[in-house]
Amino acid sequence: MLAPLRKGADGLIGLSATLGVIGLMLEVGVILVDVVGRAFGHPLFGSQDIVTMTLVIVVFGGMALCDRGGGHIAVDVLERHYPPLMNHAIDIGAAVLGAVIFAMIAWAVWQSAQLSQMLNLSTNLLGWPKAWFQWALSALALVTALGMTLRAIELILSGRDVRTEDGARIEDALRREDNA
Amino acid sequence: MSIGAIGVTGIVILLALLILRVPVAFAMFAVGFVGIWILNGWNAATSLLASETFTLASNPELVIIPLFILMGNVASVTGMSRQLYDAAYAIIGQVRGGLASATVIGCGGFAALSGSSVASALTMGKVSLAEMDRFAYDPRLSTGVVAAGGTLGILIPPSTGFVIYAILTEQSIGRLFLAGVLPGILLLSCFVLTITLLCWLRPAFGPKGPKTDASEKLRALTGALPILVVIVLTIGGIYGGFFSPTEAAGVGAGAVVLYGFATRRLRARALWIASRDSIVTTATVMLILIAAHLINPFLALSHIPTVVGEALAALNLNTLGTLVVILLVYLVLGCFLEGFAMLVLTLPIFFPVIIQLGIDPIWFGVLVVLTLEMGLISPPVGINVFIVKSVAPNVELGTIFRGVLPFWCAMLVTLAILIAFPQISLILPDTMMN
Amino acid sequence: EELKFANFTPPFHTINASVIEPLNEKVSAATDGALTVRGYHGGELGAGPAEQYVRVVQGAADMAWGLPGYTSSQFPKTMIAELPNAIPLDKPGYEALWTAYDDHLASEFPGTKPLALWTSEPNIFIMKDHDIRSPEDLAGLKVRVAGATAADVAEALGATPVQMPINQVYNALQTGLIDGVITGASTLSDFKLDEVANSYTIGANLGRLAFYTVMTQSKYDALPEDQRAALDEASGMSLSKSAEDAWNATADAALQAARDAGDNTVIDLSEEEAKAFADAVETVVDSYVAEVGGEDALAAMRGE
Ligand code: NA
Ligand code: NA
Chain S
2 MLAPLRKGAD
12 GLIGLSATLG
22 VIGLMLEVGV
32 ILVDVVGRAF
42 GHPLFGSQDI
52 VTMTLVIVVF
62 GGMALCDRGG
72 GHIAVDVLER
82 HYPPLMNHAI
92 DIGAAVLGAV
102 IFAMIAWAVW
112 QSAQLSQMLN
122 LSTNLLGWPK
132 AWFQWALSAL
142 ALVTALGMTL
152 RAIELILSGR
162 DVRTEDGARI
172 EDALRREDNA
Chain Y
101 MSIGAIGVTG
111 IVILLALLIL
121 RVPVAFAMFA
131 VGFVGIWILN
141 GWNAATSLLA
151 SETFTLASNP
161 ELVIIPLFIL
171 MGNVASVTGM
181 SRQLYDAAYA
191 IIGQVRGGLA
201 SATVIGCGGF
211 AALSGSSVAS
221 ALTMGKVSLA
231 EMDRFAYDPR
241 LSTGVVAAGG
251 TLGILIPPST
261 GFVIYAILTE
271 QSIGRLFLAG
281 VLPGILLLSC
291 FVLTITLLCW
301 LRPAFGPKGP
311 KTDASEKLRA
321 LTGALPILVV
331 IVLTIGGIYG
341 GFFSPTEAAG
351 VGAGAVVLYG
361 FATRRLRARA
371 LWIASRDSIV
381 TTATVMLILI
391 AAHLINPFLA
401 LSHIPTVVGE
411 ALAALNLNTL
421 GTLVVILLVY
431 LVLGCFLEGF
441 AMLVLTLPIF
451 FPVIIQLGID
461 PIWFGVLVVL
471 TLEMGLISPP
481 VGINVFIVKS
491 VAPNVELGTI
501 FRGVLPFWCA
511 MLVTLAILIA
521 FPQISLILPD
531 TMMN
Chain R
4 EELKFANFTP
14 PFHTINASVI
24 EPLNEKVSAA
34 TDGALTVRGY
44 HGGELGAGPA
54 EQYVRVVQGA
64 ADMAWGLPGY
74 TSSQFPKTMI
84 AELPNAIPLD
94 KPGYEALWTA
104 YDDHLASEFP
114 GTKPLALWTS
124 EPNIFIMKDH
134 DIRSPEDLAG
144 LKVRVAGATA
154 ADVAEALGAT
164 PVQMPINQVY
174 NALQTGLIDG
184 VITGASTLSD
194 FKLDEVANSY
204 TIGANLGRLA
214 FYTVMTQSKY
224 DALPEDQRAA
234 LDEASGMSLS
244 KSAEDAWNAT
254 ADAALQAARD
264 AGDNTVIDLS
274 EEEAKAFADA
284 VETVVDSYVA
294 EVGGEDALAA
304 MRGE
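Chains as they are written, first to last, in my numbering: chain S, 2 to 181; chain Y, 101 to 534; chain R, 4 to 307.
Just so you know, not all the hints are guaranteed correct.
Said to hold, decoys possible - Going by beta-carbon spacing under 10 angstroms, a handful of chain Y positions derived as facing chain R:
#, residue
1, Ser147
2, Leu148
3, Asn159
4, Glu161
5, Phe343
Hint data in this document are derived by calculation from the structure and do not stem from the laboratory. Since this is a predicted model, take the numbers as computed values, not measurements. Where is the CB? At the ideal position from N, CA and C, for every residue including glycine.
Only chain S is shown next, with the shape it has when bound in the complex (with noise of 0.2 angstroms):
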């Protein structure tokens, strides 16, 4: 029952990443123009609106990639030294904990979006709604707090730690071809 939960959440976590990766290209492709074009006296009018606005997608884009790839970090040295049951309730209270907290993130800043609408909040120089933005932030933060659910209800259920799995050994390989 959990595998094809998995496989879904697997999907929107894949989503959301390829969304920070779009993003992060922009950014890059949005510098050089302002830059070359600034230095013929033609700046990318709304330059630092892009940049900002899309760094919350690439901030955001990457949580839930980074959690299933066990990206957080934790002072681990105790980790050997600590009873396997115990590492296991932590490593659920963490998951649990992680999910509150993305969830609440998604909550407050939903809540702020509602209070930009109202106080009519946009970029200063486009125009872009700030609301569009802060949905975007709570939509990602939402998947965010999804894979930790999962991950939680996984390490409940069946044990399965997710985090040291398939995903980064793929990468590993993808690279290691990809060097040879």
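Knowing the structure of chain S, use the given hints to seat chains Y and R with the ligands on it.
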């Protein structure tokens, strides 16, 4: 429970969560959020959670984080980092720990184009860690070097640390930048000395390479030319007024990507993977930064920094005693607080004391920035150590903390030298800006 | 009760002595210390100028100050006060803003009660290695401005507008990334621009910056009547004047220091020279006012 007691309890809980292996960012989030909730109400806590998260995630100055990571990743994938380290190995590889020294010097160079320690450690980590691994350097040495070397970012100008100090204390940015140059070089030299000493005591830390002749050296250097050109272009572009240090990150990343495509060393698939890896590292780093910004208002609300400062002012010590105690307070606070937040919270209290005692504010600024750097690698909240961990996930955090210890000591020695000889900090601003 | 005043700048900043401290002194004196105002400086309650208004609405802080320019879409009509030629150079900005407040600006401050509204000293040209005497002197120069309307103004003057955060301006001027800034003289000391700039042009009406200090409306409404009265007495016109005077004093001191430094060029434009700048930007200003339907607000600000 008094407000101060709540603050102290928060710190104790934070430590407990960290020891229990709760991810650093989660622990800081939880303590910061609940602390603000208790001290300033639910609305304040959720409002800050939303605004700090969105403000940092859309902060124009933090764009450098994903961009410099991308630059480092692409430099690795296209073999540019490898060529750079081949060149360094050919030139000083026969010296024990030579590559580590080269990395520290590289950190110093990177510091000249970036005002941020986080960006320095990230980029240099991406470029150098795998390379030092390739030449069988001990991870304790390589990660320690990058975490500590990265902190040079805020001592060597341009420096966000000095800018914040200048604005908080109404000092001259230009004088502070100049004041940071010689101490930066001194610290860099102390780092190199530390590496040499470590490798002399433990030869396995940074094994000697084979001797190379002049033609081999030249060939290796030619191979490293592309990345050297990118570095020179980026630094030159900043000082030549073509782009800002923030934009330099985009230009650098763009340059290595274009170079990679032009030489067909970079394929779309590899760029995709490098970018995915970049946003994952960005997520790790940014989440810690956001969480640190929740701890700050919590501690501010608990009035702990104010209480400490007022207690200190009441001690009535002599000049040197006060200076040493203030720096000690910074060393301790630096274990928990993000450096710039610490400045904001404490300088308004300490600075009048400093002025009253007739201590030179520029000199004090240099000392403070150096202690901030030490805070960046002090457990439990050592941001630069986390940065290196995010770049080198297979190395244990404890290993990195052990690795930075000798460098932390080197910084302490540098601090003592700078206290004993104020001229080192003051000679450049005094001769060049009067 | 202690009201939390969020200040995103250090405690040394002009705002503390001219707004936060007087507000606290007057309110606590009038209520025998029952009601006090405490400043939380350096962004302790949350960083950055752009989020201050929202923090007050959400109750993260009870009071805060900020610049409408950072969220100009919320303040289309208030922003008219920032335009070149909107308010005559010799007319106080706080009077203009309060005159227009009830009828034209109040709807731009939902969820809060404004305690002070004021403007900065007039904008000037702060340049490095370029003397500006006429709009022609700006041709092709890269000038830092903030916001879309300011960019249009710079373009109308013939300059290339460059957007960047104010704290990056120092480096940008130093390296030559930009040739100058259009902003108030207080930035010379606040952001140390005096160290890198060397030519100042004064006398053209290039607009000014607007500021607000607001309080959470629900917090205000929940206070007992005597405390509300104490707050009313301590805020409004008098508090705004205190702020504006302090801003002007900082700017005057900074300009005087620039004149005294000896290695700077300070250009005081004649009335005729200044008019050339006013003429150059006239259409930009008119089209902005028309776009936001602000003709009445502008007239009120001018006391017409
Ligand atoms: Na630097
Ligand atoms: Na620390």
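Tested hints:
1. Ser147: Where the cut-off is 10 angstroms and the nearest Cβ of chain R is about 4 angstroms from Ser147(Y), the hint holds.
2. Leu148: holds (5 angstroms)
3. Asn159: holds (8 angstroms)
4. Glu161: Because about 7 angstroms separates Glu161(Y) from the closest Cβ in chain R, which is inside the 10 angstroms limit, the hint holds.
5. Phe343: holds (7 angstroms)
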